[in-house]
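Protein chains: 2
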Amino acid sequence: MTEKPHTVKSYEEQLQHLSNDLVIMGGNCELAFSNAIKAICKNDHALADDVINNDTVIDNFETQIEQEVVNLIALRQPMAIDLRETVTALKMSSDLERVGDLAKNIAKRTKLIKKKLPNELTESIERVGLLVQKQLKSVLDSYTNRSPDIAQDVWEKDEQVDDLTNNCMEEVIKYLKSDSENIEYGSHLLFVTKNIERIGDHLTNVAEQVYFLVNGTYLEGDRPKGSQSIVTGEK
Amino acid sequence: MTEKPHTVKSYEEQLQHLSNDLVIMGGNCELAFSNAIKAICKNDHALADDVINNDTVIDNFETQIEQEVVNLIALRQPMAIDLRETVTALKMSSDLERVGDLAKNIAKRTKLIKKKLPNELTESIERVGLLVQKQLKSVLDSYTNRSPDIAQDVWEKDEQVDDLTNNCMEEVIKYLKSDSENIEYGSHLLFVTKNIERIGDHLTNVAEQVYFLVNGTYLEGDRPKGSQSIVTGEK
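As they're listed, the protein sequences go chains S and L. Residue numbering for the first sequence is 265 to 499, as defined by this note's numbering. Residue numbering for the second sequence is 265 to 499, as defined by this note's numbering.
It should be emphasised that the hints constitute simulated quantities derived from the structure, not laboratory data. Hints are not guaranteed to be accurate.
If several chains are the same, the list does not tell them apart, and a pair holds so long as it fits within one copy or across any two.
27 Å max Cα-Cα, derived DSS-like pairs, lysine-lysine [claimed, not checked]:
#1 Lys438 x Lys379
#2 Lys379 x Lys421
#3 Lys306 x Lys355
#4 Lys401 x Lys379
#5 Lys378 x Lys441
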């Protein structure tokens, strides 16, 4: 039997294509999330519209990646590391799609807020927003470089995200308590804060997937958790 | 070449086992969610503890199903409908695991509420809770019977879940506005209500997966959405 370099190359190309699509999808998530944070902090409704309108790009990537994965499994029957690559791509794309959805939801809530928020509140949102942007960048780097160390670092830093989310939640509660007129905007802000924390959780999922992809073993122990109450419903 | 009935049977058995595991996992989610709703409405902390402690059973099912799927793909190289069965199982188990998590979160928040809530509020939670329990039962039936019609029905009824969640959210806002002492419990109740709505969304995901599994085509059109504001951040 002769070697079939063309087919082999094409298989590798397919795997590379899948991986590239995930990285581009991740780049779109980075843009969506950083714009969503800018929009809520500056009450910028036009920027919020951008985030909302561009979410279909992220959704389409998920559908396309799923199709690529199914084709790869059906036609190439990948084994071992390649099988992990394909299954990981499916799971990662699902988490990244949720990151896009949550950014879109922040943007939608931004559009319902019609007045300037107190500085302490927007600064608090910005602080946790910046940390989560870093986490998103790092987890995409961990995937690009197939680095379990960067992945583990992201996973461990989620505790800091929880702590900053908790501070932010306290600011929102203060805002809610200060005036019963603030109840509706404040309720939206509770969900905005929760969405940021949920994005953080999706990023730790991705970190776990990258770790498993490279090492074939699971990150051990319970995920570190900051002290929280309103955020997670835990003491 | 001789037939290998043993291997063929064993492959079918593996697929059947996967399917059974999903159904049992779904049954555990039904119990967790109905107990979580009972616990919050009756302020029953012991029942809330049950829900919290039993969530590992649901988590373990997800891990086990993922392992079965990876083994099936690696060793059996499923094609066409069998490939859809395996990929669907992976996605369904991920949505069901989230249902379990959200029920657990409702239970955790229940434990932080130390007083009787107004009747209008608990009745409102119960109403949407019962509808979502029905949706959960139906979507599991649609999977067991491989019925795209039942799946489509669940998908369409999500609009009613949105409407009832919206009513419930209005009751919570009323509760929040009535007394600034209610802000913290009220914030937990906003998240409880949102969790119920999110469970509804996961069930429509499952409905879409079942539909695709049987028909090989996607449910068409935008998912019907009830009118909402605080719930989803939409006008």
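Hints, one by one, checked against the model:
1. Lys438 x Lys379: Intra 17 Å, inter 22 Å, cutoff 27 Å: intra and inter.
2. Lys379 x Lys421: Cα proximity of Lys379 and Lys421: none, with 33 Å in one copy and 36 Å across.
3. Lys306 x Lys355: This pair counts as neither: shortest intra-copy Cα distance 34 Å, inter-copy 38 Å.
4. Lys401 x Lys379: neither (31 Å within a copy, 44 Å between copies)
5. Lys378 x Lys441: Both. Shortest intra-copy (19 Å) and inter-copy (19 Å) distances satisfy the 27 Å Cα cut-off.
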